[in-house]
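Student: Sequence:
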Amino acid sequence: MNQRNLDKAALRGEPSYVWRAGQERRLHLIRQAAGTRMQGRILENGCGVGMYVEHMQPDGGTIIGLEYDFPRAVEAHLRSEHILCAAGEMLPFPSAHFDLILSHEVIEHVQDDLLAIAEMVRTLKPGGRIVLFCPNRGYPFETHGIYWRGRYHFGNKPFVNYLPRPWRDRFAPHVRIYTSKDLETLFDGLPVRFITRTVIFGAYDNIIARYPALGKALRAVLQALEHTPLRVLGLSHFWVIEKT
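Quick note on numbering: numbering that gives the first Met the number 0 labels position 80 of the sequence shown as 79, and the sequence is numbered without any gaps.
No wet-lab data here; the hints were simulated from the structure. Misleading hints may appear alongside valid ones.
[As the list claims (entries may be wrong)] Beta-carbon label-pair distances, calculated as ranges:
(1) D58 - Y210: 44 to 50 Å
(2) P125 - W166: 17 to 23 Å
(3) T178 - G154: 35 to 41 Å
(4) T61 - D187: 40 to 46 Å
(5) L189 - Q31: 21 to 27 Å
(6) Q38 - P91: 20 to 26 Å
(7) F193 - P139: 39 to 45 Å
(8) S94 - Y210: 23 to 29 Å
(9) P172 - P91: 43 to 49 Å
(10) Q31 - A212: 38 to 44 Å
(11) T195 - R148: 39 to 45 Å
(12) R150 - V73: 26 to 32 Å
(13) A85 - P190: 43 to 49 Å
Virtual Cβ for every residue (Gly too), placed ideally from N, Cα, C.
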C-alpha cells in the first residue's frame, strides 16, 4: 500500500472491496433487522465503493449510497446510479425521508459523530430503523492501525484499545472506538428506542483464505461466543435503533 493509500486508510478506513462470507453474514443481519423496510427507501450512510448498495438492490428497495470520499463515490457509481458525495453530518435529505439507514463501520471516522447520529435520526421516518455497525473497544486488536513516532502503521495492533483512553487516543487519534455506554450517549435525548444491542465477531475470511481448516474452526468458536457474556470481546457493535 503506497503512502497516499495509507493516509486514506488512516483517515477514512478501508471499505469492503470484495464480497465474501463476512459481508454476506452482515447482509443477513441487516435484512433481519430491517424486515419489510428493505422494500422501502434506504440510505447507506458511508457506502464506500458501493458493495452493500449493490447487494441490497435485489431486495426491491430504493437505495441511495452516500460517500464523503469522492474517488470512492465515483467507484460506487459504477455499481449504482444513486450515489451522492456528501458528509454524514449534513445529510442532503428532508426530515422523515428514509425507512432504513445503514451505517456500516462509518461513525468512527466522521468529524462529529454526535451530529452524524442526529442527522440519521432526523432523516428517518417514525418507525424507521438505523442498522449500525461500529468498532467495539473490548476487541483485543485495533484494526485501523496506529501512529508510532509520527508514522502510521497499518494493520491489526494488539491491546491498544485496552489502554486508558488518553493513551489509546494518542496511538489512534484517527479513529474512534466505542463502549456500549459511548453509543448510548450518542443517542441521548433523541426520539429512538433500541431494538438490538449486541456485539459480533468477524468472519475471518483472510485467515480462512490462507489456512482454511484453522480459519473455519476459529470463526465457528468465536461466533459461538456471541451467545455468551464473552461477546464483549467481539469485533463490532451491532445495534438496531428505531425512531419513535
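Student: Run through the hints listed earlier and report the numbers of any the structure violates, in increasing order.
Tutor: Numbers 1, 2, 3, 4, 7, 8, 9, 10 and 13 - these are the hints that the structure violates, sorted from lowest upward.
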